[in-house]
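Based on the sequences and whatever the hints tell you, model everything.
Those protein sequences? They're chains C and B, same order as listed.
Per the working numbering: the first sequence ends with 444, consecutive numbering throughout.
Per the working numbering: the second sequence ends with 566, consecutive numbering throughout.
Hints are computed from structural coordinates only; laboratory data are not their basis.
Only a predicted model underlies this, so the values are computations on that prediction, with no experimental measurement involved.
Accuracy of the hints is not assured; some may be wrong.
As the list claims (entries may be wrong) - Among chain B residues calculated to face chain C with C-beta under 7 Å, some are:
1. ASN56
2. ARG58
3. PRO103
4. GLY120
5. LEU125
6. GLY154
7. ARG157
8. ASP199
9. VAL200
10. GLY207
11. SER208
12. TRP249
13. LYS554
We treat Cβ as the ideally placed atom computed from N, Cα and C, and that holds for glycine.
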Amino acid sequence: MAAPAQRRIIFQHIDEAGYSNDIGCYVRHGGYEVLKKAVTRKPEELIDEVKKSGLRGRGGAGFPCGVKWGLVDRKSGKPIYLIVNADESEPGTFKDRYIMHQDPHQLIEGTMISCFANNVKQAYIYIRGEMPHGARILEKAIAEARAAGFVGKNILGTTYSCDIFVHRGAGAYICGEETGLIESLEGKRANPRIKPPYFPAVLGLYQCPTIVNNVETLCHVKYIAEHGGEAYAKIGTPNNTGTRIFCVSGHVQRPGYYEFEAGKITMGQLLNEVCGGPLPGRKFKAVIPGGSSAKILRFGERFKGKRKVGAEMVDYDWGVEDVPMDFDSLGMIGTMGGSGGVIVMDDTVNMVEALANINAFYSHESCGQCTPCREGSLWMKKITTRMVHGQARNEDAALLKSVADQIPGRTICAFGEACSWPTQSFIAKFGDEFKSYPETKKTAKPAGAHELV
Amino acid sequence: MIAPPKPDLVTVNIDGKEIAVPKGTNVIEAARLVNVDVPHYCYHPKLSIVGNCRMCLIEMGMPAVDPATKAPIMDPATGKQKINWIPRPQIGCGTNVSPGLHVKTTSPMVKDAREGVMEFLLINHPLDCPICDQAGECKLQEQSTGYGRGYSRFVEQKNVKPKRTQLGPRVTLDDERCILCSRCIRFSKEIAKDDVLGFVDRGSYSTLTCFPGKQLANNYSLNTVDICPVGALTSTDFRFKMRVWFLKQTNSIDTETSVGANTVVWSREGQIYRITPRRNDDVNDTWMPDSGRELFKALKAPDRLTSAETVDALVARAAEVFKQGPVAVVGSGRSSVEEQFLTKKLAAALKATTALVSRVGQGDKLLVSADKNPNVRGALVTGLIAALPSQKLTDLAASIDAGKVKVVVSVGEDLAAAGLTAAQLAKVAIVYLGTHANATSAAAKVVLPTLSVFEKNGTFVNQQFRLQKFAQAVPGPQGATNDLIVLAKLAAAAGATVASDLGSVWKLLAAEIPNLAPITYANLPETGLLLDATPFAALPFVEGETLHFKPAVAGAAVAAKA
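Structure representation (structure tokens):
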């Protein structure tokens, strides 16, 4: 089956010749028309549209956006804040960066529509510390939008006022976790908060109800406000509506970003047809489908079970290539759609070395609050680093698995899962390679093998 | 007596035991009530909850109800309502009880979680227990014995961190031992209101440190040592002095101010090594000021008074002095209730006037009050004085000048410091009872060395009118005699017979002072007993607000006028 064509609704103008990130270009392409219409509507209507659309958050967890908005405590009398989570740090993910760099006004318009819908008077864009260029672009774009009356006091002549501020992070992955982000935005160390009681929808920024949405999610809101929730729900597949942006990196012919309707394309179509397949003379070995914390898939493994298609339960028997790229299907086979960062590894990759790289990242990024994640992530890193650079032992695979099993579900935030899932899945799917690594090390590395970090 | 309002009770089931606990109680505290230990590090009952150590993980579930009808779903196997157990462990510290909550603290999931956390906590811990001061009172030791696996699988290099950082004048930090529970950070911020501690770096390399240019120097810094569950924060003074399991613990009271913080005195072979706070939720919670921990050092001071003469010989000399003319007695707000009572008896036998010296300073709104005497209220309750004392003994000075007083008995008070001039002191014959030398003892005709609070039993009445007892931790030095014996012997010399042992004195107190009627020293609870303060409600006490204490309106009104 041939791959479907891309459907670009968020990335419509990304890398388009002649398209610039200034407000003039955006308005020429019909920009801010949706906001103009939105402010004439009732906010509840807009929330309803988002609920009807079935939009799921694009930050990684895939939590329904309408439900998130519905949880906001609107009776407390406290101000409601909206935070744009632009702390895109999941290894393998580079979609929000493109939006901010090349189409910042799309984000601003989506943000303003969401603010209006939720009666938010103050929004913050929390942008990753390593994206200074993006921050400057956003600052400039917000200033342009403010001058044009799209942001700030009395938007478009209405009584509604809302401002957006850009806040730069200081370079910590954990600031992408929403409560860690809130702590950081408050000027503190980004230690995620315990839930209960600190659910952002009730006790978020400055202990006020707060909505935290991903950059891409808010762009989808703009599309939904324009075309209606029902029209949006027709894109993609039921429960996985809209489009998904896949950031494909690693060993394929044409890595890059690709936007498809959710669930309409399979992993095989994406990698083989869209991305041009493996590099010459190589074979796909493994793929991480949703950012480096998602569990890895091994080419050649089969997934069997029953799934719901319409009202019926249907048997499925998939290889990695057959898996539709949506939240639910990837969830069914034990991994996740996550942030859409598809990391491809071919047969030149040694899985022990790949895991050593991932573990180095997570041990460096653990905030250090919860014991299992703090100690476990560094221990796993020390083991894999020793395996690669020092002496590998036969019992290390079992030890790694056991350490990883002591982490998930026992920490304040989902970082516990993020740092342990790679180890768990690498060992589960490539256990042989870990067992034989002491032998593998004795043989000389093939010429052209990647330098280890 | 007004009964406190009954709290809303919630029935929960912990390890199969049903118990009703007040709403808002967390699982750790609820489990404590049924004698179930939920191990924890970061949780402290008097600090905010952060839930970061993950040691208190428990399995919890709620009774199952039908989502539509809300009818209970029964389990046919047991005939009881089915419990929906949450598949992942939850923290006990951050989970408050709710009606019907079921908790398992011994299930395989909990056991596994605890073993995991214990292993993680120990992999980068130096395990230097043999040279660690915390050994013997270390939560890491206790809980790894109770809940750990007992062996290590860690073969990598341990993290290296600073070993002996001086955080402030009294606290030393070993970062390698730190388990990053953040209790000290929260204490500094929330209780001491001196936010100087924080973590730098990330993950397992996180390191506790003072903010740049800051020091942990506040008067409560040593509480961080007390609450540190491991040996990371140690007292610079106590460090390497003594193993804690050799020390005897004696309950005592901090005598610095009228707050009366409850303390424990740790001693061995007649020597005190340290003083730590003792929990009293109505007085000092689990805290005490640093200043109160150093009081024991005065015991061995070179100016400590002792006498080679027997106490009877000294009393006989004092009796001779009493014959020189009219006597005035200066009592002390530092004496115990019993001593103040005998001072009153002595004054009556000598037909002497009585006075007290007040010491007023700055309060810190926490556990140091403005009244630096621990027991002014004891003097009021026993009737030694009828009005609040003043800082200067002006009446006594006038009497001396007028020749109306020829003899002054001072119970530990330095009359020179209390405003009497050298000329006035020279005009009278002084009998001095006390522990340390001063201008008055130097000028005295007779000096009767007595004991410090650590060397005797007794009671104080703190600013709340709470009667609290202290016990003897160490024996007094040779040549010093218990104050009660000295006072009783002096009274006997003056012609009045009074008992000198604590039990008998309390019988007299109970008989003569209605406020103390049902009390004996033995049955007084360790956390004290509130006395009836209404007879003294009109007095303008000097204390401002401190922890668990709000000044009465009369005092506040006077303070406002001043």
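Hints, one by one, checked against the model:
1. ASN56: Since chain C brings a Cβ to about 4 Å from B/ASN56, closer than 7 Å, the hint holds.
2. ARG58: Interface hint status for B/ARG58: holds (5 Å vs cutoff 7 Å).
3. PRO103: The hint is violated - B/PRO103 has no Cβ within 7 Å of chain C, the shortest such distance being about 16 Å.
4. GLY120: Holds - the Cβ of B/GLY120 comes within 7 Å of chain C, reaching about 3 Å at its closest.
5. LEU125: Status holds, d = 6 Å.
6. GLY154: violated, 16 Å
7. ARG157: Nearest chain C Cβ about 6 Å off; hint holds.
8. ASP199: Since chain C brings no Cβ nearer than about 11 Å to B/ASP199, farther than 7 Å, the hint is violated.
9. VAL200: violated, 15 Å
10. GLY207: holds, 4 Å
11. SER208: holds, 4 Å
12. TRP249: violated, 27 Å
13. LYS554: violated, 27 Å
Hint compliance for this structure: hints 3, 6, 8, 9, 12, 13 are broken, all remaining hints hold.
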